[in-house]
Amino acid sequence: MAALINGQSLEDVVFQALDLSGHVARSAVLWDAAALANGSAVFLQSARTVGRRVRYSVELRPASLIERVAVQDALARRLAGVLELVTSDAPARVLLGTLEEATVGMPAGPIDNPLYLLDLVFNVPDPRRYDVETQLRALSSTPVAVPVGAGATAPRIVLFGAATAVVNPVVHLYRGDGELAASLELVTSLGSNTWLDIDCQSEWVYRVASGVATLALEVVAGGAFPIFSAEDASTVAGPFPRVGLSSASGTPTGVALWRRTW
Amino acid sequence: MSLNPSAPIVRDVDPRLLPSTLHHWRASRARLSTVVGLPGTFVRASSVSGVADGTPGGGVTYTAPHSFPAWSPRDWDNDGAAEALGLLMGTADRLSWAGAPPPQAMMLRLEIVETGAVIGSAGGTLWSLRNDGATGAGLWLDTSGTASGRYRFNYSDGSTTRSALLSSGRPTAGQRVVFEAELSAAGAIAFRQSIEGAAPNTATAAALALPASWASGARIRLNSRGASSNPGSAWYRVSKLLPASVDWSLAAGVL
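First to last, the protein sequences are chains G and V. Under the working numbering, the first residue of the first sequence carries the number 1, and numbering increases by one thereafter. Under the working numbering, the first residue of the second sequence carries the number 1, and numbering increases by one thereafter.
None of these hints come from the bench; they were simulated from the model. A few of these clues could be false.
Across the chosen pairs, the derived CB separations fall in these ranges [stated by the list, open to error]:
{"#": "1", "chain 1": "G", "residue 1": "Pro110", "chain 2": "V", "residue 2": "Ala185", "range": "45 to 55 Å"}
{"#": "2", "chain 1": "V", "residue 1": "Thr146", "chain 2": "G", "residue 2": "Val121", "range": "34 to 44 Å"}
{"#": "3", "chain 1": "G", "residue 1": "Pro110", "chain 2": "V", "residue 2": "Pro243", "range": "49 to 59 Å"}
{"#": "4", "chain 1": "G", "residue 1": "Thr98", "chain 2": "V", "residue 2": "Thr204", "range": "36 to 46 Å"}
{"#": "5", "chain 1": "V", "residue 1": "Thr146", "chain 2": "G", "residue 2": "Arg26", "range": "57 to 67 Å"}
{"#": "6", "chain 1": "V", "residue 1": "Gly174", "chain 2": "G", "residue 2": "Gln45", "range": "22 to 32 Å"}
{"#": "7", "chain 1": "G", "residue 1": "Val29", "chain 2": "V", "residue 2": "Ala98", "range": "52 to 62 Å"}
{"#": "8", "chain 1": "G", "residue 1": "Leu115", "chain 2": "V", "residue 2": "Ser159", "range": "30 to 40 Å"}
{"#": "9", "chain 1": "G", "residue 1": "Val121", "chain 2": "V", "residue 2": "Thr160", "range": "44 to 54 Å"}
{"#": "10", "chain 1": "G", "residue 1": "Ala76", "chain 2": "V", "residue 2": "Thr204", "range": "28 to 38 Å"}
{"#": "11", "chain 1": "V", "residue 1": "Gly174", "chain 2": "G", "residue 2": "Leu30", "range": "28 to 38 Å"}
{"#": "12", "chain 1": "V", "residue 1": "Ser159", "chain 2": "G", "residue 2": "Thr103", "range": "54 to 64 Å"}
{"#": "13", "chain 1": "V", "residue 1": "Pro39", "chain 2": "G", "residue 2": "Ala33", "range": "14 to 24 Å"}
The beta carbon of each residue, even a glycine, is placed where N, CA and C say it ideally should be.
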């Protein structure tokens, strides 16, 4: 079992890893609820998760007290800022965290002994693991499956224009069982050298024409921005949600880009 | 109902990592910016068809329109699944980032899949640190030309050019290639090319003192040597420039 921090194992400075924990446990989903007068509480539509703390304890054996300082300096640099944490049990998934604690333990014995233990604790406010590699599927009028993990993801959807303009495109999201879950209706005409960049997270839309992007929120006419959710998959292995396109005229095409979460 | 899932919706965070590299872009994020948020400038004034998507089993393609980066998953770990996202660039594509680290000891790691489009031509450039005119002091990785041409890593101090030309190893279309090049503080070049994970082919070039600065306007570029000259062609996965104090074995890391 090993951990990679920003893609590096720390093996060049660390003698051995002693403990890695906090990265496996599932994080509970907390549903917001509202109390009703003269009745019991009811669930609201929003849900939250609490973050996780990942502990990584290592032993270091620098050759001297002076080298111990150098090792500490190197670690301080490499553990600064937002960190990507990957563990060998899930090498294609990444946690994002920051170093919260770095506790040094000195062994009993001669004061000149440079050996020490380092207990690193990372704060991971979003407990889920993301795909390291972004997923991509080509979109057309024939719905295509979009694999999901255990969580929900807001994708980026790009709709392409064509020489025969694509007029009033619609993005359809279907459940794994084929039922329509949502549609995003857009009122626009996409000609050659033009595409529509839809960020379903921020719910912002950009029109890119010959490489120049402009905000195009006005094209959203109705419906809802699609969310790729495990709850729309029949099982964890599929059938997965599907995405398809339609339009008033023209042949709609595009791509969906997203990262699965667990 | 997917629009209000009981599991919270993940926000597609784009963390801006602190730089422990001089420059680091990776296609897995599906962004043109580097991992520290430096925006990339992408140019392609035409569409490109036949770009593969990630559907298992392959065979599904799309047409990337004018100025849309041709993101395309491929198999990088040799397991038959197209799990790694890369940026497919032909001779009409250019990607660059403003600014360049000053001349110093540094190492380049470039991960590509060969497309075979330019390796038989002279000067097809996969990576460079050069100005728009591709003149003056700079670095670039290009093809030597001829039907048996190979890749080489070049360094110019503005008047003299040193080239480390591989004497063996010529990737064919579809092969995974990792390039590593090291510029020493004395200006010597060590160049390595690993095809399909095999032992690297190597080349060196004699030392040439580093200039005080690169040519004015030098940028880090993928797939071209200047604003318009010497385009390359490849599927790009990672471009990373590290300070030379980093061990070769660590250069493969994400950051």
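The hints, checked one at a time:
1. Pro110/G / Ala185/V: 45 to 55 Å: 39 Å, violated
2. Thr146/V / Val121/G: 34 to 44 Å: 58 Å, violated
3. Pro110/G / Pro243/V: 49 to 59 Å: 36 Å, violated
4. Thr98/G / Thr204/V: 36 to 46 Å: 41 Å, holds
5. Thr146/V / Arg26/G: 57 to 67 Å: For Arg26/G against Thr146/V, whose Cβ atoms are near 59 Å apart, the range 57 to 67 Å holds.
6. Gly174/V / Gln45/G: 22 to 32 Å: Between Gly174/V and Gln45/G, where Cβ atoms are some 49 Å apart, the hint is violated.
7. Val29/G / Ala98/V: 52 to 62 Å: At 43 Å between Cβs, range violated.
8. Leu115/G / Ser159/V: 30 to 40 Å: 53 Å, violated
9. Val121/G / Thr160/V: 44 to 54 Å: Since the Cβ atoms of Val121/G and Thr160/V sit about 53 Å apart, the hinted range of 44 to 54 Å holds.
10. Ala76/G / Thr204/V: 28 to 38 Å: 35 Å, holds
11. Gly174/V / Leu30/G: 28 to 38 Å: 48 Å, violated
12. Ser159/V / Thr103/G: 54 to 64 Å: 55 Å, holds
13. Pro39/V / Ala33/G: 14 to 24 Å: At roughly 43 Å between Cβ atoms, Ala33/G and Pro39/V fall outside 14 to 24 Å, so the hint is violated.
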